[in-house]
Amino acid sequence: MNIYKLSNLENYSIKKYLSILFTLVILTQTAPAGTLSTVFFYNPESSVDNFATLKSEFDDYLANKGEFTFQPFSERNTFESVVNDKSQGIYLLSSWHYAQLNSKTPLEAKLVGVSKGELQQRKILTSKDITSTSGLSGATIAGAGSDEYIKGQLQQMLGSEYAAIIPKIKLLSVPKDIDALMAVGYGVANAAVSSETSFNKLAMINPKQHAQLKKLADGEKNFLLIAAVTKVQKSDETPLLKAIEGMQGQDIGERKLKMLGLDGWKRIDALDASLSKQLR
Amino acid sequence: MALNSSSAILICMALFIARPMAAIAENPTKILIVNSDASVSKYREVKSAFTSQINKQSVRTVEFSIDANHQPEQLQNIIKSENPDLIFSIGSQAYQLSNQYGETKPILFSSAINWQRFGHRYNTFGIANELSVSQELSLSRYVLPGLNRIGVIYDPKFNSERIAEARKQASELGLTLIELNSFDADSLEKKVEELLSKIDILWLIADPSVLSDKETVEKIFNLSTEHKKPIITYSNAFMSYGASLIIAADTPTMGRQAANMAQNILLHERINELVQTPAGSHIALNVCQLNKINIHYNADALDAVNQIIECK
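Just so you know, the protein sequences line up as chains E and D, in that order. So for the first sequence, the numbering used here puts the first residue at 659; every next one is plus one. So for the second sequence, the numbering used here puts the first residue at 395; every next one is plus one.
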């Protein structure tokens, strides 16, 4: 067996080379001290139990961009306690949740999600057999997300005129919009709360069920997912924000974004003033 | 009949929660939850979702778990002593025993495989364990669009009704169902190869004649991969064999549905569907397998997918 020994000079050169390489890797990939390193995610508009997959897919992507990690939450309280503790991170949250949280912990929206060129979506209430909102008393309404979120959407859509009906409605929380819409088709629910986009998707998935559903009410347009930071945090969010923003335009990143129902991001400072002021 | 000490241990929890409906608050109701096996995670998920939804009502729940330490006959004693207004049974064994000892009590079941085989009383209600054919086919078309010729292997002895429904639903969805329903162990391989040459995707359903042993299952999956045809099926157990898409019922949703249904039963409200189809779906997508056989999936459907399997 041949044993090769490096001369001192060769040894020194390799060590020096490795040292430079290591420094370069750290400089290009590691988040510098004082920068944000974690993306925290919670979405009350979906109950899809995909947290393990989200964690694994986003961690894989972010690890290539620096010492960044992704932390999804299934519980609203836990997520909010992280925000309230002024943890250093970027928070991905629904615009409905953003508006609520912003009043308690001042947030600054940095990016807004984009899907098929749209920044906003509208929730609608559809039914097969109920023909007017007055017929909703005692009905079972299916929707994706937490009960609190579905109830909030119903209140917004029905308005104060029908406030007395809300306590008489039974909610059925399902994992996703498509489940809610199909639950009406199968007679499991009397009506469904879903996004208008999901309702349109049903036309492709099950045209017969789509044709049977009629719109009873609709809500205001709301932004898709928001990426925000707390106003009190002092660290530099730029590297992590760049990593998130950079997901669009590359196959691997875009596929991860699709798991959040997005195609890309738009910077808040690039929005029309009429839109950006809604997030202040 | 007085409870003996071991029976008393079986009564694990009794909850009294204020219910907004005055009529029921004045006359609290009781639900006996009978669990086939408390150690099975799917059963635990159903029970947990059920109790957290039903707790909003003024309902007392009592639990009985059937396992190695408990004699099923003790259920009879519990039913007599507790005199519940409704029995909620989780799992096939629980449903069977509730039917046996429940006398005229209304029974609500969930997680019972092939519930039809246990008989059905006028006051039996339930949440089916399997998604409807229409849900499976619709979601399959959503995630893997453009695969319109669907092959299915089945034994008419077990699945003639399901396939009749599938023919109807496939037609409504613009899909073509291509059936293989006559085979034996010797001819299966040749017939599966013939079927694979005519289809875009193979739909593997729960059929004891087809899924008779591990070798047969492996053979079907191997042939399907050779022919570059994806397999859609109903259980995560087939992921390791190379299933491309698994569409199953979401377990917590079944618990929430059961809770809503229990409320309707206790309030004597009208129930349109005595046995409801599960409203929530759980989707696993094997991207690794799809890449191997060069089949594209709908990336816009990824926000509906619970689990993505990548190549290691």
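Honestly, the hints are just simulated from the structure, not real lab data. Take these hints with a grain of salt, some might be off.
Straight-line C-alpha distance at most 16 Å; calculated EDC-like pairs for lysine to aspartate or glutamate [to be verified]: (1) E:723 with E:733; (2) E:828 with D:694; (3) E:826 with D:663; (4) E:866 with D:566; (5) E:916 with D:694; (6) D:706 with E:718.
If you want the ones that stay clear, here's a sample from chain E, every Cβ over 10 Å from chain D, calculated [claimed, not checked]: (7) 704; (8) 789; (9) 816; (10) 832; (11) 837; (12) 904; (13) 917; (14) 922.
Just so it is clear, CB atoms sit at the ideal spot from N, CA and C, and this is done for glycine as well.
Status of each hint after checking the structure:
A threshold of 16 Å between alpha carbons decides the hint, and for residue 723 (chain E) with residue 733 (chain E) the separation of about 28 Å lies outside it, so the pair is violated. Distance check on the hinted pair: residue 828 (chain E) and residue 694 (chain D) sit about 30 Å apart at the alpha-carbon level, beyond 16 Å; violated. Of the pairs offered as hints, the one joining residue 826 (chain E) and residue 663 (chain D) holds, with about 13 Å between alpha carbons and a cut-off of 16 Å not exceeded. At roughly 7 Å between alpha-carbon atoms, residue 866 (chain E) and residue 566 (chain D) fall within 16 Å of each other, so this suggested pair holds.
With a CA separation close to 6 Å, the supplied pair residue 916 (chain E) and residue 694 (chain D) stays within the 16 Å bound. Our distance criterion of 16 Å between C-alpha atoms is met by residue 706 (chain D) and residue 718 (chain E), whose separation comes to about 13 Å. Not every CB of chain D lies more than 10 Å from the CB of residue 704 (chain E), the least distance being 7 Å, so the non-interface label is violated. No beta-carbon of chain D is positioned within 10 Å of the beta-carbon of residue 789 (chain E); the least distance is around 17 Å.
The Cβ of residue 816 (chain E) sits about 19 Å from the closest Cβ of chain D, beyond the 10 Å cut-off, so the non-interface label holds. With a least beta-carbon separation of about 4 Å from chain D, residue 832 (chain E) fails to lie farther than 10 Å from that chain, contradicting its non-interface assignment. Listed as a non-interface residue, residue 837 (chain E) fails to keep its Cβ farther than 10 Å from every Cβ of chain D; the least gap is roughly 5 Å. With 10 Å as the threshold on Cβ separation, the claim that residue 904 (chain E) sits away from chain D holds: the shortest Cβ distance comes to roughly 18 Å.
At roughly 5 Å, the least C-beta separation between residue 917 (chain E) and chain D is not larger than 10 Å, which violates its mark as non-interface. Separation of residue 922 (chain E) from chain D is adequate, the least Cβ-Cβ distance of about 13 Å exceeding the 10 Å criterion.
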